[in-house]
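Protein chains: 2
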Amino acid sequence: MAKFPRSIELLIEQFRKLPGVGPKTAERFALSIARKKTDDVEALIAALRGVERSLVTCTTCHTITEVSPCTLCTDPRRDDAILCVVAEPQDLLAIEKSAAFHGRYHVLGGVLSPIEGVTPEQLKIKELVTRITESPAFAKASAGKQNHRITEVIIALDPNIEGEATTIYLKKLLRPLNVTVTRLARGLPLGADIEYADDITIADALSGRRVV
Amino acid sequence: MAKFPRSIELLIEQFRKLPGVGPKTAERFALSIARKKTDDVEALIAALRGVERSLVTCTTCHTITEVSPCTLCTDPRRDDAILCVVAEPQDLLAIEKSAAFHGRYHVLGGVLSPIEGVTPEQLKIKELVTRITESPAFAKASAGKQNHRITEVIIALDPNIEGEATTIYLKKLLRPLNVTVTRLARGLPLGADIEYADDITIADALSGRRVV
Numbered sequence: 044m045a046k047f048p049r050s051i052e053l054l055i056e057q058f059r060k061l062p063g064v065g066p067k068t069a070e071r072f073a074l075s076i077a078r079k080k081t082d083d084v085e086a087l088i089a090a091l092r093g094v095e096r097s098l099v100t101c102t103t104c105h106t107i108t109e110v111s112p113c114t115l116c117t118d119p120r121r122d123d124a125i126l127c128v129v130a131e132p133q134d135l136l137a138i139e140k141s142a143a144f145h146g147r148y149h150v151l152g153g154v155l156s157p158i159e160g161v162t163p164e165q166l167k168i169k170e171l172v173t174r175i176t177e178s179p180a181f182a183k184a185s186a187g188k189q190n191h192r193i194t195e196v197i198i199a200l201d202p203n204i205e206g207e208a209t210t211i212y213l214k215k216l217l218r219p220l221n222v223t224v225t226r227l228a229r230g231l232p233l234g235a236d237i238e239y240a241d242d243i244t245i246a247d248a249l250s251g252r253r254v255v
Numbered sequence: 044m045a046k047f048p049r050s051i052e053l054l055i056e057q058f059r060k061l062p063g064v065g066p067k068t069a070e071r072f073a074l075s076i077a078r079k080k081t082d083d084v085e086a087l088i089a090a091l092r093g094v095e096r097s098l099v100t101c102t103t104c105h106t107i108t109e110v111s112p113c114t115l116c117t118d119p120r121r122d123d124a125i126l127c128v129v130a131e132p133q134d135l136l137a138i139e140k141s142a143a144f145h146g147r148y149h150v151l152g153g154v155l156s157p158i159e160g161v162t163p164e165q166l167k168i169k170e171l172v173t174r175i176t177e178s179p180a181f182a183k184a185s186a187g188k189q190n191h192r193i194t195e196v197i198i199a200l201d202p203n204i205e206g207e208a209t210t211i212y213l214k215k216l217l218r219p220l221n222v223t224v225t226r227l228a229r230g231l232p233l234g235a236d237i238e239y240a241d242d243i244t245i246a247d248a249l250s251g252r253r254v255v
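First to last, the protein sequences are chains A and B.
Heads up, the first sequence is in the numbering used here, so the first residue is 44 and it goes up one at a time.
Heads up, the second sequence is in the numbering used here, so the first residue is 44 and it goes up one at a time.
Bear in mind the hints are in silico, worked out from the structure with no lab data behind them.
Some hints here could point you the wrong way.
Remember, identical chains collapse to one label, so a pair may be satisfied in a single copy or spanning two.
[Stated by the list, open to error] SDA-like cross-link-like pairs, simulated, lysine to any residue; straight-line CA separation at most 25 Å:
hint	residue 1	residue 2
1	67	120
2	80	215
3	167	83
4	67	153
5	46	141
6	140	71
7	46	125
8	79	114
9	60	165
10	167	204
11	80	161
12	46	136
13	140	194
14	167	84
Fair warning: this is a prediction, and the values are worked out from it, not measured in the lab.
From just these sequences and the hints, can you work out the full model?
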């Protein structure tokens, strides 16, 4: 049976390791690379090298960054009292894009998942507890506000089984630490059709209803 | 507004150049690269380099290959009399996988598309005409069969507007060359539901019906 040249097969194999890439997509990617000019392939290689060389994990919030501690952790204008716990750096970015949160972040690096074998030890949970119990690493440069203690922890995980389980786990863990533990509101997203919304979302929207 | 580190942004930009990759997918890819171990990123880089360095275009059929002329063009067991015209190397591979064709191939490198500005000059059409009119480049090593002339050209292009237009263009062009010009059959694919098949496919299946 005919096959792709060996070098294409090797590249397909590598592309398949990217998230959500199946054999057909990997094949398309590899063939598009095979048709590209040397300069374009070199640009991709340079970008890969750039990421590989310049990125580190922030020692405070554990997001991906080029400087550690990251600019979000060192920004003196942010509120040290509120800590937002997210699963991945992209969740942090999404919340930052909303411009609706001005506290600090903590990236867990995933969610608990017995199926995928993700245990609390593999996530930055111990570090989260330490951040809350110990004095804040970055005191506000701006004076006036003296209380740098974390008073609220917002758990911002995806509303699915793993996210839910992780939220409950964290809630139990953080309860003795004298912090308010909250989580993101559930309800209908903007532009949703009530007709097509699932039962749980409708139930959440009803139980969380607000006075207009 | 918060953004990804510069190196991630650059990688997202590069990944967006892959076929069918939008901003969100490119972001996922770049972040997955950022989380990978150095060895894994190096393996991807090596595979990219491998493709970039080892691949050439077959001077005869214009497919992607590591040796030119490619093994399909030099295989003495294949039938020189039938030439199958495809748009891209992956179409050639798909036909080869079917094991239903034993002639030679000719890869156009695309299809005519006024919208995307693809003209006959950008495809290997001149080369196709030359292959048909001139004597075959690779005479059969096996004796007995003396006629190496191309007698049939199978146009195997995707059944869509561009593929159809290219087929008609090629048919007109090849008509004076004294070759039989055929194209792939149209009809219901294996596993299809007549109920959900589109009108044109049903019409094609009816007009191309066969005695059982």
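To see whether the hints hold, each was checked on the structure:
1. 67 x 120: This pair counts as neither: shortest intra-copy Cα distance 48 Å, inter-copy 30 Å.
2. 80 x 215: neither (55 Å within a copy, 33 Å between copies)
3. 167 x 83: Only across copies: residue 167 and residue 83 sit 23 Å apart there, 38 Å inside one copy, limit 25 Å.
4. 67 x 153: between (28 Å within a copy, 19 Å between copies)
5. 46 x 141: Intra 47 Å, inter 12 Å, cutoff 25 Å: inter-copy only.
6. 140 x 71: between (32 Å within a copy, 16 Å between copies)
7. 46 x 125: Close across copies (21 Å), not inside one copy (56 Å); limit 25 Å.
8. 79 x 114: between (37 Å within a copy, 23 Å between copies)
9. 60 x 165: within (21 Å within a copy, 34 Å between copies)
10. 167 x 204: Only inside one copy: residue 167 and residue 204 sit 19 Å apart there, 54 Å across copies, limit 25 Å.
11. 80 x 161: between (41 Å within a copy, 18 Å between copies)
12. 46 x 136: Classified as between; 7 Å across copies, 41 Å inside a copy.
13. 140 x 194: For residue 140 and residue 194, only the intra-copy Cα distance (24 Å) is at most 25 Å; the inter-copy one is 63 Å.
14. 167 x 84: between (36 Å within a copy, 24 Å between copies)
In this structure, the earlier hints numbered 1 and 2 are contradicted, and the remaining ones agree with it.
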